[in-house]
Amino acid sequence: MSLPAATLFVVTAIFAIAGALVTISARRPLRAAIGLLIHIISLAGMFLTLDAQLLAVLQLLVYAGAVVVLFVFVIMLIGPAAEVGPIQGRVASRTLSIAMTVAVALAVSTTVAYFEAPWGAVSDEFGTVEGLGMAIYKQALVPFEVISITLLVAIIGAIAIARSRTE
Amino acid sequence: MGVGTYLALASVLFGIGAVGFLTRRNMLIQLMSIELMLNSVNVVLLAFNRAYPANHDGQVFAFFVIAVAAAEAAVGLAILIAYYRIKKTIDTDDASLLKY
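So the sequence lines, in the order shown, correspond to chains A and B.
With positions in the first sequence counted from 1, the corresponding number in our numbering is that position plus 1.
With positions in the second sequence counted from 1, the corresponding number in our numbering is that position plus 1181.
Worth flagging that the hints you see were computed from the coordinates, not collected in a lab.
Treat each hint with caution, since some may be false.
As the list claims (entries may be wrong) - Computed cross-link-like contacts, SDA-like style, restricted to lysine to any residue with a CA-CA straight-line distance of at most 20 Å: (1) Lys1269(B) with Asp125(A); (2) Lys1280(B) with Arg91(A); (3) Lys1268(B) with Ala1248(B); (4) Lys1269(B) with Ala114(A); (5) Lys1268(B) with Arg164(A); (6) Lys139(A) with Asn1236(B); (7) Lys1268(B) with Ala163(A); (8) Lys1268(B) with Gly80(A); (9) Lys1269(B) with Glu84(A); (10) Lys1268(B) with Lys139(A); (11) Lys1268(B) with Leu78(A); (12) Lys1269(B) with Lys139(A); (13) Lys1268(B) with Ala1250(B); (14) Lys1269(B) with Arg91(A).
Said to hold, decoys possible - To list a few chain B residues with every Cβ distance to chain A over 10 Å, as calculated: (15) Ser1214; (16) Phe1229; (17) Ala1276; (18) Leu1278; (19) Leu1279; (20) Lys1280.
Keep in mind the model is a prediction, meaning the values are calculated, not measured.
Idealized CB from N, CA, C, for every residue including glycine.
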């Protein structure tokens, strides 16, 4: 990895972890949504260090542009009820679940950190619109069409679930 | 600095998302935690694809993960709205209609 790429990786990694921590710890959901936005934007920057330019743009478009805005709309729609008070009791089970998850995450991350793989040069079209687009349309045409149907079904399902049933 | 660093970061982010999903009662925050976990998987896919760049398989997978995550967010938030209509709260502890 070149020095600029390594620097970008370190900066985006710090912001991604900070955004994720803000997301899960914020009392107000709007602050959690902003933490998620920071997390997503830093991950889009990190995708650039992995030569995934098209996916970085898609990350910004789909997540920052659509998903976070959807979350903010729902927070505004629900209003004050979007804020849920702190959990009372069940200290033992909560502590145990946090400790187990942290232990597993630490064990996995310290193990995989030593994984070595070649990090050679890539071709010019790797990760660009041309390269990834050709890969999608040549190798994954049927899944691509299926995913569009999935999105259509999700839209219809979301409308059917969320619409008001008062006649 | 190499693939291992990305994998370690992705597992840390997945752990943060899992902790958020397990310990928060706010359904909005839980949905955001699911997004965190899906994003960390994308990091792994792209890191491995960068290490073995002969084809675009990892990036194609990450593309589909992003699409499915968008659909999941839409349906999940619709369920949240429906739940809020019934219960007037988004506390998951109150989701007990099917409990007894």
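Hints versus structure:
1. Lys1269(B) with Asp125(A): Distance ~54 Å between lysine 1269(B) and aspartate 125(A) Cα, so the pair is violated.
2. Lys1280(B) with Arg91(A): holds, 19 Å
3. Lys1268(B) with Ala1248(B): violated, 30 Å
4. Lys1269(B) with Ala114(A): violated, 45 Å
5. Lys1268(B) with Arg164(A): With a Cα-Cα distance of about 16 Å, the restraint between lysine 1268(B) and arginine 164(A) holds, given a limit of 20 Å.
6. Lys139(A) with Asn1236(B): holds, 12 Å
7. Lys1268(B) with Ala163(A): holds, 14 Å
8. Lys1268(B) with Gly80(A): Measuring from Cα to Cα gives roughly 14 Å; hence the hint holds.
9. Lys1269(B) with Glu84(A): holds, 12 Å
10. Lys1268(B) with Lys139(A): violated, 48 Å
11. Lys1268(B) with Leu78(A): Roughly 15 Å separates the two Cα atoms, so the pair holds.
12. Lys1269(B) with Lys139(A): violated, 49 Å
13. Lys1268(B) with Ala1250(B): violated, 26 Å
14. Lys1269(B) with Arg91(A): violated, 24 Å
15. Ser1214: Since the minimum Cβ distance to chain A is about 6 Å, serine 1214(B) lies within 10 Å and the statement is violated.
16. Phe1229: Violated: least Cβ distance 8 Å, not greater than 10 Å.
17. Ala1276: holds, 12 Å
18. Leu1278: holds, 15 Å
19. Leu1279: holds, 16 Å
20. Lys1280: Lysine 1280(B) is indeed farther than 10 Å from all Cβ atoms of chain A, at 16 Å.
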